[in-house]
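*Asks:* As a plain string of letters, each chain reads:
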Amino acid sequence: MAERLTAHFGGAKIVLKREDLNHTGAHKINNTIGQALLAKFMGKPRIIAETGAGQHGVASATIAARLGLQCDVYMGAEDIQRQSANVYRMKLMGARVIAVESGSRTLKDALNEALRDWATNVDNTYYIIGTAAGPHPYPRMVRDFQSVIGREARQQSMEQFGRLPDALVACVGGGSNAIGLFHPFLHDAEVSMYGVEAGGDGLETGRHAAPLSAGRPGVLHGNRTYLMTDAAGQIMETHSVSAGLDYPGVGPEHSWLKDIGRVNYVAATDTEALEAFRYLCRMEGIIPALESSHAISYGCKLASQLPKDRIVVINLSGRGDKDIHTVAGIDGIHI
Amino acid sequence: MSRITQTMAALRAAQRKVLIPYLVAGDPDKGTTLGLMHALVAAGADIIELGIPFSDPSSDGTVIQQGAERALREGTTLHDVMDIVRQFRAHDAHTPIVLMGYLNPIEIMGYEAFASAAQAVGADGVLIVDMPAYECEELFDSVRPRGLDTVFLVAPTTTQARLASICASSTGYLYYVSLKGVTGAAITDKGDIKSKIEHLRTMTDLPVVVGFGIKDATSAVDMASISDGVIVGSALVDAISRLPRGGVATQDHLTAAVSVIASIRSAIDNIK
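Residue numbers (the numbering used here), protein chains in the order written: chain G, 1061 to 1395; chain L, 15 to 286.
Fair warning: there could be bad hints in the mix.
[Stated by the list, open to error] Here are a few chain L residues that sit away from chain G, every Cβ distance over 10 Å (derived from the structure): (1) Q79; (2) N118; (3) F154; (4) T218.
[Unchecked claim] Listed below are the simulated SDA-like cross-link pairs for lysine to any residue, each with C-alpha atoms no more than 25 Å apart in a straight line: (5) K229/L <-> D1177/G; (6) K1361/G <-> D1261/G; (7) K194/L <-> R259/L; (8) K208/L <-> P1105/G; (9) K204/L <-> L220/L; (10) K194/L <-> D1183/G; (11) K1104/G <-> S239/L; (12) K194/L <-> R1156/G; (13) K208/L <-> N1184/G; (14) K1104/G <-> A200/L; (15) K194/L <-> A1159/G; (16) K1361/G <-> R1322/G; (17) K1368/G <-> H1068/G; (18) K194/L <-> P1105/G; (19) K194/L <-> F1101/G; (20) K204/L <-> T1180/G; (21) K208/L <-> S239/L; (22) K204/L <-> A1159/G.
[Said to hold, decoys possible] To spell it out: a stretch of chain L is covered by chain G in this simulated footprint if at least three of its residues, at any positions, have a beta carbon under 8 Å from a beta carbon of chain G; those stretches are: (23) 59 to 72; (24) 120 to 131; (25) 189 to 196.
Please keep in mind that the hints were generated in silico from the structure rather than gathered at the bench. All C-beta atoms, glycine included, are put in the ideal place defined by N, C-alpha and C.
This is chain G alone, in the form it adopts within the complex (with noise of 0.2 Å):
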């Protein structure tokens, strides 16, 4: 529980869910396990992976230096740019990142490219997708490795307070961190939920990556979901603060889950993530990712909100050592 962000907002009591303390410092990690012990099954010596923090690549590149498999990471020249820590994670444990030049040199372009690679080596090579995205069976199998975040929630939160929270909230770029939480608390109709989707400059400006909250249903990567998609159906370039929510779609359970208004998706801008940021590391001595203070921002509202027996769970996804210079960047120091 955050005592003190808890008795500054007044409101609901905040837990965080606390994957930033996974080896590597974020989810993502629950998934590259799975999916490269399945690669080891099937007899494939090498595994690919599209990033766009970094996070999913340090993850695959981690689980392959364990398991004595080849990796080559995929990623968007832009994130290569503003990740060169991870970048240089990924090549101490023995991983090929290759810089991808063409589209818009983003998230999107990096799983294209690993789309391109493992169409070409498939015989040899595994696709680790890092999020709730792709063809079938991605989105389900990085589901059901995620879950484990919802089924210790699930768990934790009978064993401190004796029953299931009132509200999960957790950060959606490809949605793999919310559909893990979410997941387990679906036929639990009590428990009430919120995806926070990257409003980037604000959803007026057309500059973000949320197309649950501004987008439309389209077909990319081998799923219908809803796009960042132009009158013409090209996909559109997304912005956000936060490279792991730079993504124009979102795994297709969230779309449905949106449809079927199961779950709220809501947006926190660039603006609001940042500030969430700050008071997370002032108030509670953590550093969040800037990916997981979306979450932070909007769950503290959320809490504001609630009287205080209600209990609101935000998925701290990930740990932000790795955003130190994009937030130093924004205050005008160089480190």
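Put chain L on the given structure of chain G with help from the hints.
*Replies:* Using the frame of chain G, we list chain L on its own:
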């Protein structure tokens, strides 16, 4: 009988191989695409696959990706692609056009709007790279009543169950992908292609045309001699990339750009 089926039947009767060039609509601009299409027919093309440019062409190699990027920089939309077909059809009533692309632009336009526009402008077939045959029921409801053929890709990794579904859904011809990989890569295993095509022959009477990796007369003859013909994309798009921009390409420029198609035509016409 569709224009594609008629063309295929005439070629089969004459014991000739089909030659299908692919180019991206709007690359380098709409007017040049139209000129190129007529030049392709003059160079011996039997059918033209006209690419609908898409921002995320995940089955394409660098050459065709860049072709799509050039077309998108020109602002080419699916409506523009239809307009190019309409203008082409005004001067060529004979050569079938297959619209080839990725699903999202068609999804956003809507299947009914897409199919009725395609029929109205005189297109003949549809090939959607990222749409599996078993997902096509709704699309078929729109395109089939309008007489449009539905062409699908068969890959070296396609399973038997998927193959059966593709054969049941295909009309016009089957597009056999020669290699594991993306457009513009190199063919490595000719023996495997031959046996896969022989297997396909036991499942369908449709013509089997080979694409991906056919870049010159030699590779075209290799593939055409074990199939009903060839599709040539990257080699042509690469030549198009060297054309002058801004609608100033002369007839000589266009003829030079399609020379790879002319040389493949004469090579595959000499297969005994």
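*Asks:* Indicate, hint by hint, whether the structure satisfies it.
*Replies:* Hints, verified against the model:
1. With a minimum CB-CB distance of about 6 Å to chain G, Q79/L fails to clear the 10 Å threshold, and the non-interface call is violated.
2. With a minimum CB-CB distance of about 5 Å to chain G, N118/L fails to clear the 10 Å threshold, and the non-interface call is violated.
3. Every C-beta of chain G lies more than 10 Å from that of F154/L, the closest at about 17 Å, which supports listing it as non-interface.
4. No Cβ of chain G comes within 10 Å of the Cβ of T218/L; the nearest lies about 24 Å off, and the non-interface call holds.
5. Between K229/L and D1177/G the alpha-carbon distance is near 21 Å, which keeps this suggested pair within the 25 Å criterion.
6. For the given pair, K1361/G sits about 19 Å from D1261/G by alpha-carbon distance, which is consistent with the 25 Å threshold.
7. Restraint check for K194/L and R259/L: not satisfied, since their Cα atoms lie roughly 33 Å apart, outside the 25 Å limit.
8. For the given pair, K208/L sits about 29 Å from P1105/G by alpha-carbon distance, which is inconsistent with the 25 Å threshold.
9. For the suggested pair K204/L and L220/L, the alpha carbons sit about 21 Å apart, so the restraint of at most 25 Å is met.
10. A C-alpha spacing of about 9 Å is found between K194/L and D1183/G, which places the hinted pair at or below 25 Å, so the restraint holds.
11. For the given pair, K1104/G sits about 35 Å from S239/L by alpha-carbon distance, which is inconsistent with the 25 Å threshold.
12. Distance check on the hinted pair: K194/L and R1156/G sit about 22 Å apart at the alpha-carbon level, within 25 Å; holds.
13. This hinted pair checks out: K208/L and N1184/G have alpha carbons roughly 23 Å apart, not beyond 25 Å.
14. With a CA separation close to 23 Å, the supplied pair K1104/G and A200/L stays within the 25 Å bound.
15. Of the pairs offered as hints, the one joining K194/L and A1159/G holds, with about 22 Å between alpha carbons and a cut-off of 25 Å not exceeded.
16. At most 25 Å may separate the alpha-carbon atoms for a hinted pair to count; K1361/G and R1322/G meet this at roughly 20 Å.
17. For the suggested pair K1368/G and H1068/G, the alpha carbons sit about 12 Å apart, so the restraint of at most 25 Å is met.
18. Of the supplied pair hints, the one linking K194/L and P1105/G holds, its CA atoms being roughly 18 Å apart against a limit of 25 Å.
19. As the CA atoms of K194/L and F1101/G are separated by approximately 22 Å, the hinted pair is consistent with the 25 Å bound.
20. Annotation: proposed proximity of K204/L to T1180/G holds, straight-line Cα distance about 16 Å (limit 25 Å).
21. Under the criterion of a C-alpha separation no larger than 25 Å, the hint pairing K208/L with S239/L is consistent with the structure, at around 9 Å.
22. About 32 Å separates the Cα atoms of K204/L and A1159/G, which puts this hinted pair outside 25 Å; it is violated.
23. For a cut-off of 8 Å, the count of residues in the region 59 to 72 of chain L with a CB near a CB of chain G stands at 5, and the three-residue condition holds.
24. Coverage of the region 120 to 131 of chain L by chain G holds. Counting CB-CB distances below 8 Å, 4 residues qualify, and the rule asks for three or more.
25. Remark: the region 189 to 196 of chain L is confirmed as covered by chain G, as 3 of its residues place a Cβ nearer than 8 Å to a Cβ of that chain, reaching the required three.
Comparing the model with each earlier hint shows violations of hints 1, 2, 7, 8, 11 and 22; every other hint is respected.
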